[in-house]
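Assemble the complex: chain X is given as a structure, and chain L must be docked to it using the hints.
Residue strings, one per chain:
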Amino acid sequence: MNHWPFIIAAYAATILATSGLTLWSWSAMRRAEREADALRQSK
Amino acid sequence: MHIYANPARFLRLARPLTAWLGWSGGVLIALGLLGGLFLAPEDYLQGDSVRIMYVHVPAAWLGMGGWTGIAVASLMQLVWRHPLAATAARAVAVPGALFTALCLVTGSLWGRPTWGTYWEWDGRMTSMLVLLFLYIGYIALGDADRQRGGEGRITAIFGLVGAINIPIIKYSVEWWNTLHQGQSIGVGGSSIDNTMLWPLLLSALGFSLWFGSIVLMRMRAALARQKLEARLRRLAA
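For the protein sequence lines, the chains are X and L, in the order given. Read left to right, the first sequence gives residues 1 to 43 (my numbering). Read left to right, the second sequence gives residues 44 to 280 (my numbering).
The following block holds chain X by itself, in its conformation from the complex:
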């Protein structure tokens, strides 16, 4: 049995999932901090 399709699938799942979570967490953080700063400056 060729093992490489299983290896590639495991690495792809890991890289895609962790990259996706990083992008989601980063954009949520940026949006929340921008909104908090905007409200503070508008006072």
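Be aware that one or more of the hints could be misleading.
Claimed, not checked - Listed next, with one range per pair, are the computed distances between beta-carbon atoms:
1. X:20 to L:187: 34 to 44 Å
2. X:35 to L:126: 14 to 24 Å
3. L:126 to X:42: 21 to 31 Å
4. L:126 to X:23: 37 to 47 Å
5. L:237 to X:35: 42 to 52 Å
6. L:230 to X:23: 34 to 44 Å
7. X:35 to L:62: 27 to 37 Å
Unchecked claim - Derived contacts from chain L toward chain X, CB cut-off under 8 Å, selection only:
8. 98
9. 145
10. 252
11. 263
12. 271
Stated by the list, open to error - Now the stretches of chain L that chain X is said to cover, found in silico as 3 or more residues with beta-carbon under 8 Å:
13. 84-94
14. 129-142
15. 152-161
Because the hints were derived from the structure by calculation, they are not lab data. Beta carbons are placed, not taken as given, at the ideal position from N, Cα and C, and that holds for glycine.
For chain L alone, coordinates are given in the frame of chain X:
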């Protein structure tokens, strides 16, 4: 720990640390995975499928480590009422759940060429699946509690009680006769050859730093939302 009870002081440290952990983690992950894919030798018994270890083992450690972090933060919340403990525990939950799911997926992909099956209801795999369900329950309970305006005590108790599953996962390969191999790395040393060990340690350290960066991002987002909600309440009053 109480030095960082003040969110402003915590944020002064967290802002530079988020980027530093993310970038250094990314570099170490790249080095570890490239080493595991192209420099480490294949296993004499398992062949090339052993290369899945370089993503599977860090995912398993971080899945278990994440819940250990939730339990410690929950204890700090319940006993010492540390103001950032609940935020930290909730920030760990989603990355912890993701790495637990990745451990199960990559383990299944490793199991097919090695054992001839994607899944077996043995002690290690079943207890890891229970951990994923615990994470999902914890996230749902935390969200429901926050929407009701609760202090998160029930969620913290759930986080503490769920920690009982961590030693069950760790010792499952000793307590039950399982398909899963026994422990290869412990406090006393490792039975893995150095040519295969260094990419694993690099990868594990890299994913751990990256995990830390994601947790800090989620804590910063939660603190910014809390600040925003407090200001809106003050403006409405």
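Checked hints:
Residue 20 of chain X and residue 187 of chain L have their C-beta atoms about 25 Å apart, which leaves the hinted 34 to 44 Å range violated. In this structure the supplied range 14 to 24 Å holds for residue 35 of chain X paired with residue 126 of chain L, their Cβ-Cβ distance being about 22 Å. Restraint check, residue 126 of chain L to residue 42 of chain X: a C-beta distance of roughly 26 Å satisfies the suggested window 21 to 31 Å. Taking 37 to 47 Å as the suggested C-beta distance range, the pair residue 126 of chain L and residue 23 of chain X does not conform, at roughly 29 Å.
As the Cβ distance of residue 237 of chain L to residue 35 of chain X is approximately 50 Å, the hint placing it in 42 to 52 Å holds. Distance hint check for residue 230 of chain L and residue 23 of chain X: the Cβ-Cβ separation is about 36 Å, which falls inside the suggested range of 34 to 44 Å. Separation of residue 35 of chain X from residue 62 of chain L is about 21 Å and departs from the stated range, judged on CB atoms against 27 to 37 Å. With its C-beta approaching chain X no nearer than about 4 Å, residue 98 of chain L sits inside the 8 Å limit, and its interface hint holds.
Against a cut-off of 8 Å between C-beta atoms, the interface hint on residue 145 of chain L holds, since the closest Cβ of chain X lies about 5 Å away. This hint is violated: residue 252 of chain L has a C-beta 12 Å from the nearest C-beta of chain X, more than the 8 Å allowed. For residue 263 of chain L, the interface hint holds, since its Cβ comes within 8 Å of a Cβ in chain X; the closest pair sits about 5 Å apart. Using the Cβ-Cβ criterion of 8 Å, the hint placing residue 271 of chain L at the interface with chain X is satisfied: the shortest such distance is roughly 5 Å.
Beta-carbon proximity to chain X at under 8 Å applies to 4 residues in the stretch 84-94 of chain L; the threshold of 3 is reached and the given coverage holds. With 3 residues bearing a CB less than 8 Å from a CB of chain X, the stretch 129-142 of chain L meets the requirement of three and the coverage assertion stands. Proximity of the stretch 152-161 of chain L to chain X, defined as three or more residues with a beta carbon under 8 Å from a beta carbon of that chain, is established by the 4 residues found.
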